[in-house]
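There are 2 protein chains.
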Amino acid sequence: MKIKIILSCLLLLMCLAGFSQEKKSGKGKKKSSAVIEKGLVKVSVMYPFAEGKTFNMEYYETKHMPMVAGFLGSNLVKYTIEKGTASGIPNTPLPFMAIGSFYVKDLAAYQAAIAPNRDAIRADFPNYTNASPIILVSEVVK
Amino acid sequence: MKIKIILSCLLLLMCLAGFSQEKKSGKGKKKSSAVIEKGLVKVSVMYPFAEGKTFNMEYYETKHMPMVAGFLGSNLVKYTIEKGTASGIPNTPLPFMAIGSFYVKDLAAYQAAIAPNRDAIRADFPNYTNASPIILVSEVVK
Chain A
4 MKIKIILSCL LLLMCLAGFS QEKKSGKGKK KSSAVIEKGL VKVSVMYPFA
54 EGKTFNMEYY ETKHMPMVAG FLGSNLVKYT IEKGTASGIP NTPLPFMAIG
104 SFYVKDLAAY QAAIAPNRDA IRADFPNYTN ASPIILVSEV VK
Chain B
4 MKIKIILSCL LLLMCLAGFS QEKKSGKGKK KSSAVIEKGL VKVSVMYPFA
54 EGKTFNMEYY ETKHMPMVAG FLGSNLVKYT IEKGTASGIP NTPLPFMAIG
104 SFYVKDLAAY QAAIAPNRDA IRADFPNYTN ASPIILVSEV VK
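Protein chains in written order, with the numbering used here: chain A, 4 to 145; chain B, 4 to 145.
Rather than coming from a laboratory, the hints here were simulated on the basis of the structure. Accuracy of the hints is not assured; some may be wrong.
Which copy is meant is left open, because identical chains are indistinguishable; a pair holds if it fits in one copy or across any two.
Computed cross-link-like contacts, EDC-like style, restricted to lysine to aspartate or glutamate with a CA-CA straight-line distance of at most 20 Å [said to hold, decoys possible]: (1) Lys56 <-> Glu142; (2) Lys41 <-> Glu142; (3) Lys41 <-> Glu61; (4) Lys41 <-> Glu64.
Here the structure is a predicted model, which means the values were calculated and not measured.
Next comes chain A alone, as it looks inside the complex (with noise of 0.2 Å):
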């Protein structure tokens, strides 16, 4: 009789474990699907390419990105950047050298925590270029 509750008791603990670890993995699965980019606001920063301009991309990487991304705080949800290597249409020039993209929950919030620091940003753009951005705001449809 002992036997079968100390029986009893320990298959409940391990029905909780497992249930436990169920929960935990349930989480992690939503975690990586927080990173799903539908109707965030992203901010692109598109560097044109032109004849005689240049573009130090680890200096973009490993210094410039970084330190915005540092001021965007939680409204950050992610960040990207691309190379461009050539124009997809023959016979057209490369459009962008390269594009820093930033994803937002809330583009007030991000304007708010740029402005601040908007020189110290654009005191940075002669350790990686010569070229001047254009920056696209858009709504992430897919």
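Got chain A; can you put chain B on it based on the hints?
Here is chain B on its own, set in the frame of chain A:
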């Protein structure tokens, strides 16, 4: 004595059960990090904004992009759509109305898949826009 053996066996089972759950959630994590984009080729089709230019996002999202994605097969890792809403630089016009991007493993395979379908793709343009896109091929750095 018998009880001790049974208890030991059950404890061992519990440990094994816990371990297998851990492994499962580990696998889950691996799967979600498989969508990491670094190193992929990104082909961005960008529709510039100008006076009189139009763009039907609903058609683009539900018809055009799925059609093109269908041509790319397993080379396509994912595709994204964004809707341009503003320029990030005050007093400058919206740079792009929309951007559709294909993240592929291999550029040559992308080109080989698009080539025989180029006419069908172009013939679909008037169904959603009167703008001519520019196309940027880039490498995902981060």
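Index of numbered hints that the structure contradicts, given in increasing order: none
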